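**Student:** As they're listed, the protein sequences go chains A and B.
43 is the number that the UniProt record's numbering gives to position 43 of the first sequence; each next residue is one higher, with no gaps.
287 is the number that the UniProt record's numbering gives to position 287 of the second sequence; each next residue is one higher, with no gaps.
A couple of the hints might just be wrong.
Pairs count within a copy or across copies, as identical chains cannot be separated in the list.
[As the list claims (entries may be wrong)] Quick list of in silico lysine-lysine cross-link-like pairs, DSSO-like style, CA-CA up to 27 angstroms: (1) Lys330 <-> Lys360; (2) Lys234 <-> Lys42; (3) Lys99 <-> Lys132; (4) Lys287 <-> Lys82; (5) Lys136 <-> Lys39; (6) Lys82 <-> Lys234; (7) Lys234 <-> Lys105; (8) Lys56 <-> Lys322; (9) Lys43 <-> Lys210; (10) Lys287 <-> Lys311; (11) Lys322 <-> Lys251; (12) Lys82 <-> Lys231; (13) Lys208 <-> Lys136; (14) Lys330 <-> Lys105; (15) Lys231 <-> Lys322.
Hints listed in this document are in silico derivations from the structure and should not be mistaken for laboratory results.
These figures come from a predicted structure and were not determined experimentally.
These are the residues of each chain, in order.
Protein chains: 2
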Amino acid sequence: MGTFALFRKFSPRFTRCYVRYQHVDSSKLFLTEFGDPAKVVKKEEFALQLADMASKQVLVKMLQAPINPADINTIQGVYGVKPNLPFTLGNEGFGIIEKAGSEVKNLKVGDWVIPGTNAWGTWRSYALEEEKNLIKIPNDLDPAMAATLAVNPCTAFRMLQDFETLSKGDTVLQNAANSAVGQNVIQIARHLGFRTVNILRNREGIEKLKQDLQDLGADYVLTEEEFRASKLFKNGELAQPKLVLNCVSGKAVIELVKAMAENGTLVTYGGMSRQPLIVPTSAFIFKNIRLVGYWMTRWNWQHGSNSTERKDMLAMLCNMAKQGSLVAPKHEFVPLDSFQEALARSCDTTRFHETKFIFKF
Amino acid sequence: MGTFALFRKFSPRFTRCYVRYQHVDSSKLFLTEFGDPAKVVKKEEFALQLADMASKQVLVKMLQAPINPADINTIQGVYGVKPNLPFTLGNEGFGIIEKAGSEVKNLKVGDWVIPGTNAWGTWRSYALEEEKNLIKIPNDLDPAMAATLAVNPCTAFRMLQDFETLSKGDTVLQNAANSAVGQNVIQIARHLGFRTVNILRNREGIEKLKQDLQDLGADYVLTEEEFRASKLFKNGELAQPKLVLNCVSGKAVIELVKAMAENGTLVTYGGMSRQPLIVPTSAFIFKNIRLVGYWMTRWNWQHGSNSTERKDMLAMLCNMAKQGSLVAPKHEFVPLDSFQEALARSCDTTRFHETKFIFKF
């Protein structure tokens, strides 16, 4: 517990005066070179000076922040944007307002907030920030949901909305269905009235996993082998999907393309197989499919990560969460001090996506 | 020479009466089963009864009709549409009106025409057809240009127009640059003010071939190996292409994708390598490229092969041809009787696209 917190605990009134010239004990994870996440990430402990807080700023105490695949790739130096170093890590998470400057209008002590911008640096225990760079979220959400709201559910929502005009009852096909995005796709698609066909790698405990996804609202869950042998679309049980979401790439794309409806769209947002996509030429010419990509970061750049459109989307997702129709992915909390172990385990791509590690501050 | 032609030669006036109850000796190439083009294509000679000609019909004497890759694939039974059998072959070509019915309004004897519909069956010496199913073209075009107007130049034109909004000076990248479509792309792009970077397979006589394409207006012509080593886009000599046209597929797509501009479009209209496309996942996500397909047949279905839009396009292309800025691809005339040899040679994919065989009736 930092000096500030200790004082506050025993004397709220005293603290209010005291913080004007005091600090909070803070820590952050940061990067000075790219490389193996278990090795190059450094932790710094420092005193965040509250005297530096401007009148339009708030003091945010971070509560939770997940480790996403994009964080791992950023640390490895293989992500789509390479940040300038040194770089404070963490792209999503949520915090609580502990103090608000005199000119802060829309946020107050006790509010929950998420960053309004990409790559804000959520792996830190405290931050001073202007209110315009933060987005308020309801403070009665499941905390793990709040921590994982900004990236994966938004990715799932946009992919379901922005590429094909789907009607109720239409089918969406996806692989990597157990990934965090995959779980969000299942839930948001159900909310919007679309059916989902979900492909998984075969693995230990597959029946339990299938049941978990069905419990989230998945209509069909199949292993890659089962999907290849399946006649779901051939026997007319389901209309061929106009929208296909790909997080795996590699040869398996051929099966996705075979299943697609004429004029359909395949959206690639990940490449878990670490292989390029293999796509039959004839599908482009005679089936007129199109292949596009999706990257949440780009959408935020293009639309403004603090835009009305993003706030509306977040509000809808929060509403779904509060109704219980959107839940956080399977996760495990870790203290910031265990960051090396958590990062090492997050790099194990054989177990990638089985559980998401969330730093709890 | 048929009976009709013989009579006409000696007595035009007599013929005019005579044809009312006579016939023309006609022949056609047709299919009763799919398979090896040199074996399954049959020729039929028959008397086309002119007494059957309706008042809204014309008698078309076909003059020239090319063998296109699509014809070969149709015969092999591997094309995107499998016609009902028996099927009269030939998808493009042009003819001359030899006789017009009393109610024909817009066509007259001596006019040149091309089919208004897909798969009309151009590999026949004569046809009776309603004027609404034919499109008049100028009868002072180079005949080989007239014969090859409907498929490849239209494909090139649509691909240059329909997928990206290009400005003068923008670059278009294509492979299979020596194919008939490739040659059209070079010429139409130059006409529209776009620069072209053209990739070829290395082969015997490559320097001559490069010069030929430069003479057509190609800005850069490179072998696959030269393109891979090239720094054209890296050194800023040229802006990265927003539009890339692919007729080869296979691994070489990786090089195309590397060269592409962010948010660019790769249009696939062929797969000469007989390999699927190999596309890096990261290009979809971080570069936001999109991959689409193009098929002239589909465009004709969607827009109407006899539509105003198609007629406008053909008029523009004919105008380019008359100005000398669009010429027919390298070609070799063959009589219909030599169809077996011509088809066999057209199946030799190692020499595919080096010369186009055109039936001359």
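**Student:** Go through the numbered hints given earlier and state which of them the structure violates, listing their numbers in rising order.
**Tutor:** 2, 5, 7, 8, 9, 11, 13, 14 and 15
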